[in-house]
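A.B. asks: One-letter residues, chain by chain:
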Amino acid sequence: MTASTATVAVRSGLADVRTKLSDRIGEPALRVVSGLAGLLAVALIIWIVYTILHDAHLAISKFGVGFIGSQVWNPNANNGVGSFGALPFIYGTLVSSFIALLIATPTAIAIAIYLTELAPQVVRRPVAILVELLAAIPSVILGLWGILILGPFLGNHLEPFLKSFLGWIPLFSGTPSPYGMLNAALILTIMTVPIVTAISREVFETTPGELKEGAYALGATRWEMVRMVILPVGRPGVVGAVILGLGRAFGEAIAVTQVIGNATQIKASLFAPAGTLAAQIANEYQSANPGLGQSALIYLAGILLVISIIVNVIARLYVRRVRVR
Amino acid sequence: MESSAAGAPHALLTAGPDARRRKAVNRFMEVVSTAAAVVAVAVLALVVISVVIKAAPAINLKFITSNPQVSPFGVNTGGIANSIVGSLILIGLATAMAVPVGILVAIYTTEFAGSRVSTTIRFALDILNGVPTIVTGVFVFGILVLGARQSGWAGAIALAIVELPIVARSAQEVLELVPNSLREAGLALGLRRWRIVLRIVLPTAVGGLITGSVLGVARVAGETAPLLLTSSVFSNLGVTTNPSQAMPNIPITIFTLSESAAPQDHAQAWAASLVLILFVLLLSVTARTFHERSRRRLRG
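Heads up: the protein sequence lines correspond to chains A and B, in order. Numbering-wise, the working numbering puts 988 at position 179 of the first sequence, and it's gapless, one number per residue. Numbering-wise, the working numbering puts 117 at position 54 of the second sequence, and it's gapless, one number per residue.
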């Protein structure tokens, strides 16, 4: 009996030592390894910015800030050295994304209001999931759909129709064509609606119930309650959501390059082919000459990167303000 | 307005023109909101149905199991077996990198880091999530492809960078839902933090961690832009299992076929889209269903 208690004591003592030993290794190990992972996340951003600026150096030193204001994009100019400018692509990026958000924002807010205030409980989750699945469709498939289905519809039906009624507005003048700014803007609309809807819905759901009941008690109709309570209370969140959607639209390369027509020009007409920063990179990376041409494309990536970082920082600040409350 | 109401006592009980207008506006707005939701769901249906209908002529078992064959006219008449294998390997490698790192980041921010460090890392992840995927492609092109050549590794790393912030942010959300009382119980038993993390926090949160990772996989499975600069030019049409060569993959195949002028290529593009969309939508739907369930369980 005494022998067996002794062995138990020895065993538990050993176990104790083993626990202490593994604690002494395991505790700092997990702390350091997970800390390194966290460091990697922060370092990646800095590394990306550094690499892009470094690889764009050739074009930056040659064209300077003037690159942003120049309309020329000709890889064969100056005996094949090339002359490059970003203005048409900056213009295309801004216009296609703004049109997309102009359509997507009211649509997304309406859907979010439907989902939080109107829809019967049974359909709420399924509809919310379906709208979010729209965001899960790979952009290359949306682009394919834009080329083969939306494009012909625009070129043969919608654009001639718009032209006949609104042709006196420069936006709707010009020759209808399947691929151009309008097609890109509509594809971007489809991509941004789910993003803005998801965040707006989350924001609207946090509206304090007392405020809503207060509005109803004062005799407001449902729409008046939405207009006077839900929309003003949720505004910062919705603004953040719209800016996030804008960031997404700015950066979409594949679907846009498939449908925008890839032209280096600034045209008032929405029917005309155009280009965006992201689409131009996707369209020309293969044919770019390894020297200045490639560097100019990376310069475009740098401009896009800076814009998206700024846009995302602003959007997160807005969305966070709502979440904190 | 008032004259019509005056003199008739019952008029007090019927709605005046103002109330009627307000009701009409209300009704109108309700219809508009509902219509917006219907349109969004209809667009989803329209895209999915177009893919299914247009894919029908080209999709069959041979399409999935055989490699591409380019006819004398330059039109693809074979299948996409090589792209399916390539995509699975690329996604597998990317996930093998992004998921462990993402979960470790989440562990660090929720279990070890102080609030300032944790906010900084979160912010970095949000910014990383906002970097356009084509720029991620340019970045990996700059560090791995420039001066060397395209490879499966470069493609997988580019996809991993896209996947990392998605996995890390969703893992953070899940770990934060693990009740603090569980951690305190562990501390009270004299456990060190690493044991609490491995024995208590991770097992409690495992369901949510898996669904978050699956959502990450669903997101990168359809990514084309990061692969365009890193794994899009192939030396042959066969199956490649060696990641040090550029690997054919479904998104790039769809992209290339979609730019072609031949109708047969378009049929192939639709068929490849059907394969991809089924894969992505199945993953997203299952992940979302489980996501909701595991969250509800953690909230108690």
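Hint data in this document are derived by calculation from the structure and do not stem from the laboratory. Predicted model, so just to flag it, every value in this text is computed and none were measured. By construction, the Cβ of each residue, glycine as well, lies at the ideal position given by its N, Cα and C atoms. Worth double-checking, as some hints may not be accurate.
Said to hold, decoys possible - Restraint ranges, calculated between C-beta atoms of paired labels, are given here:
#1 B:Pro266 <-> A:Ile1123: 38 to 44 Å
#2 A:Glu1014 <-> B:Asn299: 31 to 37 Å
#3 B:Ser323 <-> A:Leu911: 30 to 36 Å
#4 B:Val302 <-> A:Leu848: 34 to 40 Å
#5 A:Leu975 <-> B:Ile127: 30 to 36 Å
#6 B:Ser323 <-> A:Asn888: 18 to 24 Å
#7 B:Asn299 <-> A:Ser879: 49 to 55 Å
A.B. asks: For every hint, state whether the structure bears it out.
C.D. replies: Results of checking the hints against the structure:
Evaluation of the 38 to 44 Å hint for Pro266 of chain B and Ile1123 of chain A yields a pass: the beta carbon distance comes to about 39 Å. Checked against the hint of 31 to 37 Å, the pair Glu1014 of chain A and Asn299 of chain B fails, with Cβ atoms roughly 53 Å apart. A hinted range of 30 to 36 Å holds for the C-beta pair Ser323 of chain B and Leu911 of chain A, which are about 33 Å apart. Hint check: Val302 of chain B to Leu848 of chain A, Cβ distance near 38 Å, so the stated range 34 to 40 Å holds.
Taken as a hint, the range 30 to 36 Å is violated for the pair Leu975 of chain A and Ile127 of chain B, whose Cβ atoms sit roughly 47 Å apart. Checked against the hint of 18 to 24 Å, the C-beta distance between Ser323 of chain B and Asn888 of chain A comes to roughly 33 Å, which is inconsistent with it. Take Asn299 of chain B and Ser879 of chain A: their Cβ atoms lie about 41 Å apart, and the range 49 to 55 Å is violated.
Violated hints, listed in ascending order, are 2, 5, 6 and 7; each of the other numbered hints is respected by the structure.
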